Amino acid sequence: MALLDIQHVSFTYPGQTRPALQDVCFSVHAGEMLAVCGATGSGKSTLLRLLKRELAPLGEKTGRILMNGVPQEDVPEAEAAYQVGYVMQRPEQQIVTDKVWHELAFGLENMALPQPVIARRVAEMAAYFGMEDWYDKPVSSLSGGQKQLLNLAAVMVMQPSLLILDEPTAQLDPIAAAEFIATVRKLNQDTGLTVIITEHRLEEVIPLCDRLLVLEQGRVLACDEPRQVIAKLHDRPELLCAMPAAARLYHALGADGVCPLSVREGRMLVENCRGRGRGLPEEECTPGTPALECKEVFFRYDRHGPDVLQGLNLTVHEGEICCVLGGNGSGKTTMLTVAAGLNKPCGGAVKVFGKKIKDYKNQSLYRECLTLLPQDVQTVFLCNTVEEELADAQAGVDMLPFDLRPLMHQHPYDLSGGEQQLVALAKVLATKPRLLLLDEPTKGVDAAAKGKLIGILKELKARGLTIVIVTHDVEFAALCADRCAMFFRGSVVSTGAPRTFFSQNSFYTTAVSRMTRGWFRNAVTVEDAAALCRQGGAE
Amino acid sequence: MRGFADYNPIAAAVYFLAVTGIAMFCMDPVILALSLAGALVTFALLCGQGGRAHWYTLGLFLVMALINPLVSHNGVTVLFVMNHNPVTLEALLYGVAAAAMVVAVLYWFRCFSCIMTSDKLLYIFGGLSPRLALILSMTLRYVPLFGQQAKKVKQAQTALGLYKEDNLIDSFRGGMRVFSVMVTWALENGIITADSMTARGYGLGKRSRFRLFRWRAGDVLLLTGSLLLAGLALMGVHARAFTWYPAIAAAPMDALAIAGYGAYGVLTLLPAIIHAKEAIKWHCLISSM
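Protein chains in written order, with the working numbering: chain A, 13 to 551; chain B, 6 to 294.
What you were told as hints is all true, and nothing was included just to trick you.
Some but not every residue of chain A turned toward chain B, in silico, with C-beta under 7 angstroms:
(1) L67
(2) E89
(3) Q105
(4) V108
(5) E121
(6) L125
(7) I130
(8) S152
(9) L354
(10) Q375
(11) L384
(12) P386
A few chain B residues facing chain A, derived, Cβ under 7 angstroms:
(13) R182
(14) N194
(15) I197
(16) S201
(17) T203
(18) R205
(19) K211
(20) R212
No wet-lab data here; the hints were simulated from the structure. Being a predicted model, the structure only gives us computed values, none of them experimental. A virtual CB, placed ideally from N, CA and C, is assigned to each residue, including glycine.
With these hints in hand, go ahead and build the complete structure from the sequences.
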């Protein structure tokens, strides 16, 4: 018997005519790991929320959801709450209490378990997740990745049989995301926990999951073993763009044979192509007039604290897109706030268009000169609808290289990650900046929206803007940057054109670069590799 | 090694209540001197140096000690007359005693706040009701979170040019808008938190409470010891019956008074005694290894 049986479920939100889910049928067996993917608005979140009774949205639902053969409505309240664990996207807002130990105990306190049982389960979970060191720390001192692991642990202490994860790594950096996914996988392997997961970033998830369910406009397009599903997506670029690089390369080469999923399998695909030793020419960065200059910049938040920026030297030239990459806590975001004049450096000089920041008097730095779009785009919004928001910033909708008209009457908080980013970008562009600083613009943005964002940034560059992007997303940087800089311990350690830059890095680089290493020189994107493989085939 | 900070919070709280309570309500010079000395020793032990704050306290002490004889003209021993008002020895000494009391209590409170982390307060108040404990814990989380987010919004809006000029009116107007959006943010995020709580079965019934601390023999000893010593000290103070006005007078030092003072002295030094005991134990352990 299946753990979960979804039979002909349709769902319509109140006041909507088009159903969010239509005749959805599938079942999940105990111990299975199921990934759910689909474009934004395809009904992924609605589906997951329907599976967790306490979080089910209001609306008209038909069809049946059976848990262990029992209709969802007939499962006792307590069992429904504790048997299904649910972790959402935003790590910060899901945490209820102020200390790690209390958060772990929260669910168990709700179950009214006696002290010794709580003590045992909390200890067990803290040890399993390696949380001993931060057990009695305040939650606010944790990093985003640690917070999300805490959310997972706080659910796992209740010993659920089904774990539902709604884009759990969307707000995390790639290393924290990989750690989170690995932990989920470990739970699945060690305890036979059933997992249903949706993700923007499928690169890591797909090779691990047993089955892949593709949703399109509320309908199940496919639900099968991932290789089979992906192999069938040939004519669906909007879904394919979220898939692992190996699978995309496989499709670009004509979808012949078994679909590879991981970098290792992708290497075999490339190996079979002829034309080994080919390569693309190296790129050089052409120097121009500097737009942003940081010279020997030092910065620390506390008088007695450590240096966050240590002798930072970075020059960004006018009319280029410069991507700054680097690990967590290396000081990238701090660099942007210093460059934007929000934090004053303790030493060194920052010049914007040849003029020192402190010489920009009376907030003139932020008028038609420089602007910063922060990591948490919600901090940009002040009004109740997108329309008010744009009117408030005096943003001309017609001037933008993208269309916001369909979103006009929505609340900015209700938009998807990609849409929020675009609205925030519109607001930021209204100050007519010449230098645009972006902090993690791809956080919480799905693959299709990311592709769109790259187009928009290139269009802005063509209009003469200089763009500095701080990001963890190497694939994104490879596609849009003119120059990349590697940040490490408070300063830039290397810069270069993306092709050269990524082919010299061996870990901090794109999946394609890792797949083609040793066979092709300087192949960084799927298009590069596909072109080289095709050339080989023509020989 | 179990320092004073590791004792059960309820025992520690009772200890602080006893030691400060007696200092506050018994205007007895010996008690006050013992209390001040004990508070300083305990402070150095539990909280470390303290830095510049000591100078402020000294200033406070001097001001309070000098103000009393200027405003209170009670007492029989006139030292001199100022502006047709007598300045008396009794008022001066009383001022010094009152200042010592305030400073001692201040130091005891500082020790208390060094020792009582939010976890311990939660343990004490959570005993009244698990729901109260949760509210307390959530407040401790959300108040700083709100502040952090407000700071982030302010930075974001600065970079967006919300503040048109460098003047007060403009920054006030900007601040108001940031505050109003923070309310929306808090409500919006409250929904996610509420979801996360119901998803984990909050509100299904009676809650239990996970306690980080438990009672050990040492805690019971500290609790009963504090209460006994405090009782003895009170009896001693009562037997001494010290009065400041109109003339300084007290019953003769009998055995009970001496015992009372002794008991209070031990009480103020309890954390130091515990500390010394642990240090000796540790030393013996090391040398026997």
